[in-house]
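Chemist: Just need the whole structure built from these sequences, with the hints factored in.
Given next are the chains, with one letter for each unit.
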Amino acid sequence: MEPIPAPAIDLISLAPVLVLSVFGMMVLVTDLFIGKDKSILVFISLTGLLMAAVSSLAKYNLPVFSFNGAYVVDHLSVFFTFIFCISSALAILVSVDFNKREGIKVGEYYSLILFCTVGMVLLASSTDMIMIFLGIEVVSISLYILAGIQRKSTKSNEAALKYFLLGAFATGFLLYGMTLIYGSTGSTKLTIIANVISENKILSEPLMLMGVVLLIIGFGFKVAAVPFHMWAPDVYQGAPTPVTAFMAVGPKAATLAAFYRVMSETMPDLSYSWEILLCVVSVLSMFIGNLGAIMQSNIKRLLAFSSVAHVGYLIIAIIAKNSLSSSSLMFYMLSYAFMVFGTFGIVILLGRKGEENLELENYSGLAYKHPVIALTMTIFLLSLGGLPPLAGFVAKFFIFSAALKEGYIILVIIAVLNSAISFYYYLKVIVFMYMKEPVKEFHISLTPMTLLVIAISAFGTIQLGIFPDPIIALAQAN
Amino acid sequence: MDFEMVPLTHYLFLSATLFVIGVTGVLVKRNAIVVFMSIEIMLNAVNISLIAFDRYMNLHDGQVFSFMVMCVAAAEVSVGLAIIISLFRNKPTTNLDEFNIMKS
Chain A
1 MEPIPAPAID LISLAPVLVL SVFGMMVLVT DLFIGKDKSI LVFISLTGLL
51 MAAVSSLAKY NLPVFSFNGA YVVDHLSVFF TFIFCISSAL AILVSVDFNK
101 REGIKVGEYY SLILFCTVGM VLLASSTDMI MIFLGIEVVS ISLYILAGIQ
151 RKSTKSNEAA LKYFLLGAFA TGFLLYGMTL IYGSTGSTKL TIIANVISEN
201 KILSEPLMLM GVVLLIIGFG FKVAAVPFHM WAPDVYQGAP TPVTAFMAVG
251 PKAATLAAFY RVMSETMPDL SYSWEILLCV VSVLSMFIGN LGAIMQSNIK
301 RLLAFSSVAH VGYLIIAIIA KNSLSSSSLM FYMLSYAFMV FGTFGIVILL
351 GRKGEENLEL ENYSGLAYKH PVIALTMTIF LLSLGGLPPL AGFVAKFFIF
401 SAALKEGYII LVIIAVLNSA ISFYYYLKVI VFMYMKEPVK EFHISLTPMT
451 LLVIAISAFG TIQLGIFPDP IIALAQAN
Chain B
479 MDFEMVPLTH YLFLSATLFV IGVTGVLVKR NAIVVFMSIE IMLNAVNISL
529 IAFDRYMNLH DGQVFSFMVM CVAAAEVSVG LAIIISLFRN KPTTNLDEFN
579 IMKS
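Sequences listed follow chains A and B, in order. For the first sequence, the numbering used here assigns the number 1 to the initial residue and increments by one for each residue that follows. For the second sequence, the numbering used here assigns the number 479 to the initial residue and increments by one for each residue that follows.
In case anyone wonders, no lab produced these hints; they're calculated from the structure. Errors might be hidden in some of the hints.
Unchecked claim - Anything over 10 Å on all C-beta distances counts as not near chain B; from chain A, calculated:
{"hint": "1", "residue": "I9"}
{"hint": "2", "residue": "I130"}
{"hint": "3", "residue": "L180"}
Stated by the list, open to error - Computed far set for chain B versus chain A, every beta-carbon distance over 12 Å:
{"hint": "4", "residue": "D480"}
{"hint": "5", "residue": "V484"}
{"hint": "6", "residue": "H488"}
{"hint": "7", "residue": "L521"}
{"hint": "8", "residue": "F531"}
{"hint": "9", "residue": "E576"}
Said to hold, decoys possible - Label-pair ranges, simulated between beta-carbon atoms:
{"hint": "10", "chain 1": "B", "residue 1": "D575", "chain 2": "A", "residue 2": "I40", "range": "24 to 32 Å"}
{"hint": "11", "chain 1": "B", "residue 1": "V512", "chain 2": "A", "residue 2": "I466", "range": "32 to 40 Å"}
{"hint": "12", "chain 1": "B", "residue 1": "L537", "chain 2": "A", "residue 2": "K353", "range": "33 to 41 Å"}
{"hint": "13", "chain 1": "B", "residue 1": "V512", "chain 2": "A", "residue 2": "A6", "range": "45 to 53 Å"}
{"hint": "14", "chain 1": "B", "residue 1": "L537", "chain 2": "A", "residue 2": "N61", "range": "25 to 33 Å"}
{"hint": "15", "chain 1": "A", "residue 1": "A455", "chain 2": "B", "residue 2": "A553", "range": "34 to 42 Å"}
{"hint": "16", "chain 1": "A", "residue 1": "L62", "chain 2": "B", "residue 2": "N536", "range": "30 to 38 Å"}
{"hint": "17", "chain 1": "A", "residue 1": "L11", "chain 2": "B", "residue 2": "F545", "range": "19 to 27 Å"}
{"hint": "18", "chain 1": "A", "residue 1": "K369", "chain 2": "B", "residue 2": "A553", "range": "45 to 53 Å"}
{"hint": "19", "chain 1": "A", "residue 1": "S271", "chain 2": "B", "residue 2": "R533", "range": "27 to 35 Å"}
{"hint": "20", "chain 1": "A", "residue 1": "V22", "chain 2": "B", "residue 2": "V512", "range": "53 to 61 Å"}
{"hint": "21", "chain 1": "B", "residue 1": "A560", "chain 2": "A", "residue 2": "I40", "range": "22 to 30 Å"}
{"hint": "22", "chain 1": "B", "residue 1": "V512", "chain 2": "A", "residue 2": "I9", "range": "26 to 34 Å"}
By construction, the Cβ of each residue, glycine as well, lies at the ideal position given by its N, Cα and C atoms.
Modeler: Structure follows, in structure tokens:
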């Protein structure tokens, strides 16, 4: 009898996923044997993230396809793995003091962040729709729990429920889109789908186009692009602040990486169908995100709308679909990670137990009492708006030049206009800090870990703004 | 023995109808559990068309995919019900319209 050949299993290319899973489980097991002090778990998780980042370099001569073409280690996935490890590490560091203050004493918190990172790495590295779906679900399910981790707080519960219902709803659309694409191309592998499209062998054009539209709806929900952003402000406000920062960066970056792979890398020949749609989504996200942010008085809601606007800018990179767009996507997400964690770090610093101080009035006069904190916050906010010479400016410039190269002049003009609008609300916070009288005493306890995150973020924001060349060279080295 | 042939489009129409019923349920119903059930209907609609495509094209990827969908749906159910229960402890209602403490 003919022996059955064993499938080639390349575990080395899966290294970051395996390392993170093992460390996630290690956190769970260790949690059983320690008391109320969870510092050791923080240490284990950070070690895991560091090792995952190192192990993502295990493959060279990129790209390496493995698991029958379902998984790829290429430049995009390695760079994104680094972004995920950095953002998860910052999220864990910024949670330490917050969790002590708010009494979140569950060790699962840290393992959930690690498992969420597993999902993100899968998402950025998979070239098979089944894997993309699984990656999205690993990320989402971890985030549903993280958003509701404060079980006693109605706000946190409510955020978790809203996130869960709308996230599962979006999964339905995403899946139906994937099914229709599978039905009209006969494969779930992105490389084969790309071949089928370029050789014009699609079985049913209408089904394919419907699938693409449903896919855009699904991804749009997951990255909170307008008109699928309704959940974002509520979830961002209700979730614990470190979780909010975490979900504004890592999962969003991962979903955008998968979105980029599916749209720009797999279906460039179908772009006549999805380009206009994505342009509409991008423009709406920018306008509604920025105009919505102007009307907010709660800093977390303001940042939620601002992140909707940032997704609008990022979608421009997907529309551009040239060699610059993937590197601009990477650079933008890296600098966005620093800006967001810095801003949320300061938001956490200003709160105390039972009194989170999230209204903009709570920032009045911060510059008189704590000039350094106010100055750092100013740097982060200006960078989010895109003021040179900070990271946000270089990131936006990079994306816009990718789009200009392909001739999307009107889209870039709208985006620049929107950056100008966004300064209105970023400056509003700065005006509160510098030009208003304090309404009440500040009770800021300078907790070391939160300060560390703010310092790292400030360094990253300024470094990427003034000396972006090495990172840009890394992002483009393919 | 001859079998009656069912064309692919019938399965696709069934799946699309179920999907639309699910979407309508999510958008119209106000009870968290019912909304949740509607989402499950959407996922099952997807499974039907996956299997139909598989049989039609003589492939297997779709069947694997549908197993994955079922696994994920089960995981989602466990997390979702846990979230609804922990919310119910703080606020004894499942009416989604009453969850509005966060407003700008």
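Chemist: Determine which of the earlier numbered hints do not hold for this structure and return their numbers in increasing order.
Modeler: 2, 3, 7, 8, 9, 10, 11, 12, 20 and 22
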